[in-house]
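J.: These are the residues of each chain, in order.
4 protein chains.
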Amino acid sequence: MKDKVRVGLVGSGFISAIHADSLKRCAAAELTAVASPTKGKAEAFAQKYGIAHHFTDYRQLLALDEIDLVVIGTPNYLHCECTVKAAEAGKHIVLEKPMCLTLAEADQMVDACRKAKIKFMYAEELCFAPKYVRLKQLLDSGALGHPVLIKQSEKHDGPHAPHFWDVERSGGGVTMDMGCHAIEFFRWMLGRPAIKSVYAQMGTHVHGSKTRGEDNAILILEFANGVTAVAEESWTKLGGMDDRAEVHGSKGVAYADLLHGNAIETYSATGYDYAVEKAGSTVGWSFTIYEEIWNYGFVQEMDHFVECVKEDKQPIVTGEDAKAVMEVLFAAYESAGTERKVMLPFRSPAAKPIDLWKHELGRAIKPTTT
Amino acid sequence: MKDKVRVGLVGSGFISAIHADSLKRCAAAELTAVASPTKGKAEAFAQKYGIAHHFTDYRQLLALDEIDLVVIGTPNYLHCECTVKAAEAGKHIVLEKPMCLTLAEADQMVDACRKAKIKFMYAEELCFAPKYVRLKQLLDSGALGHPVLIKQSEKHDGPHAPHFWDVERSGGGVTMDMGCHAIEFFRWMLGRPAIKSVYAQMGTHVHGSKTRGEDNAILILEFANGVTAVAEESWTKLGGMDDRAEVHGSKGVAYADLLHGNAIETYSATGYDYAVEKAGSTVGWSFTIYEEIWNYGFVQEMDHFVECVKEDKQPIVTGEDAKAVMEVLFAAYESAGTERKVMLPFRSPAAKPIDLWKHELGRAIKPTTT
Amino acid sequence: MKDKVRVGLVGSGFISAIHADSLKRCAAAELTAVASPTKGKAEAFAQKYGIAHHFTDYRQLLALDEIDLVVIGTPNYLHCECTVKAAEAGKHIVLEKPMCLTLAEADQMVDACRKAKIKFMYAEELCFAPKYVRLKQLLDSGALGHPVLIKQSEKHDGPHAPHFWDVERSGGGVTMDMGCHAIEFFRWMLGRPAIKSVYAQMGTHVHGSKTRGEDNAILILEFANGVTAVAEESWTKLGGMDDRAEVHGSKGVAYADLLHGNAIETYSATGYDYAVEKAGSTVGWSFTIYEEIWNYGFVQEMDHFVECVKEDKQPIVTGEDAKAVMEVLFAAYESAGTERKVMLPFRSPAAKPIDLWKHELGRAIKPTTT
Amino acid sequence: MKDKVRVGLVGSGFISAIHADSLKRCAAAELTAVASPTKGKAEAFAQKYGIAHHFTDYRQLLALDEIDLVVIGTPNYLHCECTVKAAEAGKHIVLEKPMCLTLAEADQMVDACRKAKIKFMYAEELCFAPKYVRLKQLLDSGALGHPVLIKQSEKHDGPHAPHFWDVERSGGGVTMDMGCHAIEFFRWMLGRPAIKSVYAQMGTHVHGSKTRGEDNAILILEFANGVTAVAEESWTKLGGMDDRAEVHGSKGVAYADLLHGNAIETYSATGYDYAVEKAGSTVGWSFTIYEEIWNYGFVQEMDHFVECVKEDKQPIVTGEDAKAVMEVLFAAYESAGTERKVMLPFRSPAAKPIDLWKHELGRAIKPTTT
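Chains as they are written, first to last, in our numbering: chain A, 1 to 370; chain B, 371 to 740; chain C, 741 to 1110; chain D, 1111 to 1480.
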């Protein structure tokens, strides 16, 4: 057992700041290096968080012997290359969602990590959000009987990172950005049974001038154990982030509202600093959240991943899970494109998920259902 | 203009009692007769509500000259015959949901009413529920921008009328029983644009020993104006009736909870008489509703229908609307059966909606998409 | 039994408009006349509501033979004269709250009505608000065990009628304006046991430049049956009217939120017509109420009073009740002035309640506790 | 700076278990010893938490050189002796609420700690509860304007420790047990201005057969800056712990519900392990809390206190604050006994607070208002 786990961050944007804030609160972690290609960004980030090393090329970070764990927070289209190279450098990996752009990339990433015998950990923070952890305990304890319907939704008014508007780099719209949370949430909540089918309804309702990606989506999944799961995702919902889940069982039902339920209800004639992610104005009524990264589970997640490295434990969310999510995302876009339920397992050579919905965006694709 | 509108009830079950209670509160209505086939039931009902005439054969009721308006609250499979005969007798009609068992019946009913030149009114009470009426005003006023997504759901733990377990008499499960509310709600809320397509996910998760009908359903509708609508229906949700709607627009969002939101939050160690429809126990925490039939809009609905007859006005929900709902219900079961999105207009010779999902229940059916 | 009860309104301000709207919905009432001293106001009001007669002198209204019932909605300092004259004219009376300015006036009013043998009805609408009626039923049914603590509060950002800022005409601040609701609510909810004592905390926190009256108040009442009651009143609460009650018993507890609980939760980037009384802006989050006068019980109240006149029944809130409230109001200001609990019965020759708190406002007063 | 702060617990009951659980999550703390007089209890506790030393006499614990910090969780009447002895032994102190039984004891404790130059820290966890910390930030930021009214209440169905029923050992009822939280909450929230006066309403409504202490209390405090504060406390509220606060300001208002607001809303036909403190049954509807000690702030509190010792920092809640709370508690019972507002500063030689309310419980007391 090592004394501290030394961590390098790849990326310096919105999510990397959350990674740094979370790692600062993990007793066993030491933030050692950060890499970001734009000149000056890594340096400023390192200064803000008191990080010893900063680089513009993440390969320099990977070359540092002392780094044990790399946390990847780059744009989606760079995830594959970065993961493979980190695995080759023998570093443990925490990868931000969504995994990558193609199913072939997903295979390549999992293979590279397996070959390098490093831990490939997938940063699905909903599996660590305290309220959702309690929700899973309720279900597991039998309090709700056997599950019938499970729901999760995330809604706000548009992505944090501008590259998400560009489907060439993001691979898709709100389904890629937030639907991936719901998919892993369902798998985790139900104990990861196989997924039988996916149906998706997508539309670009409000942001059509900015993106070819969908800004609203509904996903229906059928699990092998008979449970139906419904995900709702939106980039057009004003008034602050909405993150909710429901579990309907044969003997009961439970509703968990991650943010609104936890908030202070505030009316301010003057407004104030910050209510909640994407809140817009704080004048008038608002729902003031607190300890936001804790409520989302980011701190607990990093704590868990750092401990996995330190104590050589099995992570509860891995690259294999990330790959399973990718498969569903591809199937979801395929469903939106074909207007039918898509059965799993599903394979596709598509260059990015959204090509399966908007065929004109990609090359001609022949989807394959095994 | 007549002084009072004289009303005859066909049926004496759960919903007919609501009709009677509501009509009692309509100044312009006079409850004049009731018909119910089981010996003694109509008599007891007439006594309870102070109704002058009672019959075991509803045709006797139709033969009464003084009756202006007939309110039909019979089991689904009797709706068609009863409606046609009432029209032929020259009575105005209020028909309880769902309309009937086949699309051919729907045609026949609308035709008979048109020919008889009587008002054919469809008792979709959600179009009268005060909270939903206000929700529609919000949307119509532009407060929420243009609509993107609209949701409505009803959930409780099983049908009031036992005949609903028998799909031969009901035509289907929870989609027939409660999904029909959501469909008309969507149409009404959006100003009745055409429906482009329907996708349905159905399952029998808990009540399989009692019924071949689905006890849970998710419906996704696409409207011609680009709006997506999602209905959730359940017969397996414990803890009291749940009736909610959401409107998500480009400039705002509104959430309306018909029952839980209105309730008194009560904790009782001893329990008490009644909390809300299907509440189960009232020991411990419960959500105590009040003026329940008013909150649902039943009184306002009857008031409106009676006024339509009295003043010869155009009802806001008619048999044509009922027929549009039937079309969606058939398309929904077709979608559940074929696992694909079903485009509208949709025609089908099926003997009842559920035959399109569980083919073994019906004769071989060749669905037709025009 | 008369066919219709003919009603005359004295006053044409905020509350008289509510009276008119409510009476319009009472089948047995006929709005026949309105009186208001400012030239043109009664005429405009009569036109708006389709009222046959309008006067600038309410004595002309009282002289109309056909009037059965007078509803008084004038400023507080005119209540006594108006009530006495209406009684002398043999009219039944509905009096808006609060009753009057002095305890001597209260005696005089009750005596005049008793002598004239007319019904003296007191418009405490909370006794008719459907949610509170259900709350009382819960308590009466034993669901909560025996009551221990009962609470009611009303809060908004300042009075509707400008004369309320002037304590010479209103008699006091928010305690007179809204505390009177709580006092009668407590009495009614508990079955009108005697009140043993009153303690009051008052302050002028925000509106000191506009009024010498208190803009915030807390009242603690002890009832003869051992129950404690707490009233909270405010004229400084932004974000819309707040009207809540709680009943804490030995076997349970119940929470009723009259407005916020009933509302649609709305987020609007643009704003819209109306959310709720005193809402301020509707941009951003707001709580959209609907059927507001019904939720408050105004319609039900008028219906009841009209029926009392029509059928010669005993009203559930009378001038005697109004007088009991006055006694508590005087005791409350006495408590705020002496910083001690004040025992009931309490008599005082004060010219208006607030003189007992801010002695410099009145002449020297010697309070009397019998 | 020391590597770890070594902590000894005095007590092994309900609250000491919370102390242990919290300290386990403080990276800088090491649980080293526990003392409890009942044979076997300290040993079992030490075993459960992996604590090296256990004693039946806490003086043996104080004699351990390696102990830096003592956390006192004994019954109230032992707080003084234990604190004085710990100070004399040169240990830093964390003292559980309420401070002690008499104002003379309070003086003695503060003097002993000052003389010993050790840190005397007062375990008011509400000052660390994340939601309330955010509430204070809102107020401090000016979002609500200047404060007008501040409220806090705690309600459940009776004390955890049986000795609390015996006022000889506890000093009083629910005001001593839970009112002390509200008092320090108000002081902390407002920046600790002087308290001008106290008024208290107390009653023994339900548990009269078990205790002479009050089981319900309302406190009204006036602060020197003009703010009114209202505390509500109850030992008779069924359905789970209720812990809420409100801040009403001239420019806004904020509502924080510590438990109910954070909870998952659960309906279970079968019941389950645990919903929330004092929940009673979990069958039917319940409000399922999670990370309860974190939501209350216990972990954060211990973290802060340990850091104060480790880094020699000034604690944010001290023995001086505890003493200020004691003064208000005595004034509150004096108010309940005299039925008047009691001005501060207030001194009293009473042997315990409740003697000032129920004079027959103590010797003849002459209260002193300076």
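To be clear, the hints were calculated from the coordinates, so they are not data collected in a lab. Fair warning: there could be bad hints in the mix.
[Claimed, not checked] To be clear about the criterion: a stretch of chain B counts as covered by chain C if any three or more of its residues have a C-beta under 8 Å from a C-beta of chain C, and this derived list gives those stretches: (1) 377 to 390; (2) 490 to 499; (3) 512 to 518.
[What the hints assert, rightly or not] No more than 27 Å apart at the CA atoms, straight line, and that leaves these computed lysine-lysine pairs for BS3-like: (4) B:Lys409 - B:Lys455; (5) B:Lys680 - B:Lys394; (6) D:Lys1261 - C:Lys1018; (7) B:Lys394 - C:Lys1098; (8) A:Lys4 - D:Lys1134; (9) B:Lys621 - C:Lys1018; (10) B:Lys680 - C:Lys788; (11) B:Lys648 - C:Lys936; (12) C:Lys1098 - D:Lys1306; (13) B:Lys680 - C:Lys764; (14) B:Lys409 - A:Lys151; (15) A:Lys136 - B:Lys521; (16) C:Lys876 - C:Lys744; (17) C:Lys936 - D:Lys1134; (18) C:Lys764 - B:Lys394; (19) B:Lys621 - A:Lys151.
Yeah, the Cβ is synthetic: ideal placement off N, Cα and C, and Gly gets one too.
J.: So, for every hint listed, does it hold in this structure?
T.: Okay, the hints, checked on the actual structure:
{"no.": "1", "hint": "377 to 390", "verdict": "violated (count 0)"}
{"no.": "2", "hint": "490 to 499", "verdict": "violated (count 0)"}
{"no.": "3", "hint": "512 to 518", "verdict": "holds (count 4)"}
{"no.": "4", "hint": "B:Lys409 - B:Lys455", "verdict": "22 Å, holds"}
{"no.": "5", "hint": "B:Lys680 - B:Lys394", "verdict": "16 Å, holds"}
{"no.": "6", "hint": "D:Lys1261 - C:Lys1018", "verdict": "23 Å, holds"}
{"no.": "7", "hint": "B:Lys394 - C:Lys1098", "verdict": "54 Å, violated"}
{"no.": "8", "hint": "A:Lys4 - D:Lys1134", "verdict": "19 Å, holds"}
{"no.": "9", "hint": "B:Lys621 - C:Lys1018", "verdict": "23 Å, holds"}
{"no.": "10", "hint": "B:Lys680 - C:Lys788", "verdict": "25 Å, holds"}
{"no.": "11", "hint": "B:Lys648 - C:Lys936", "verdict": "43 Å, violated"}
{"no.": "12", "hint": "C:Lys1098 - D:Lys1306", "verdict": "19 Å, holds"}
{"no.": "13", "hint": "B:Lys680 - C:Lys764", "verdict": "19 Å, holds"}
{"no.": "14", "hint": "B:Lys409 - A:Lys151", "verdict": "47 Å, violated"}
{"no.": "15", "hint": "A:Lys136 - B:Lys521", "verdict": "26 Å, holds"}
{"no.": "16", "hint": "C:Lys876 - C:Lys744", "verdict": "31 Å, violated"}
{"no.": "17", "hint": "C:Lys936 - D:Lys1134", "verdict": "52 Å, violated"}
{"no.": "18", "hint": "C:Lys764 - B:Lys394", "verdict": "19 Å, holds"}
{"no.": "19", "hint": "B:Lys621 - A:Lys151", "verdict": "25 Å, holds"}
When each numbered hint is compared with the structure, violations occur for hints 1, 2, 7, 11, 14, 16 and 17.
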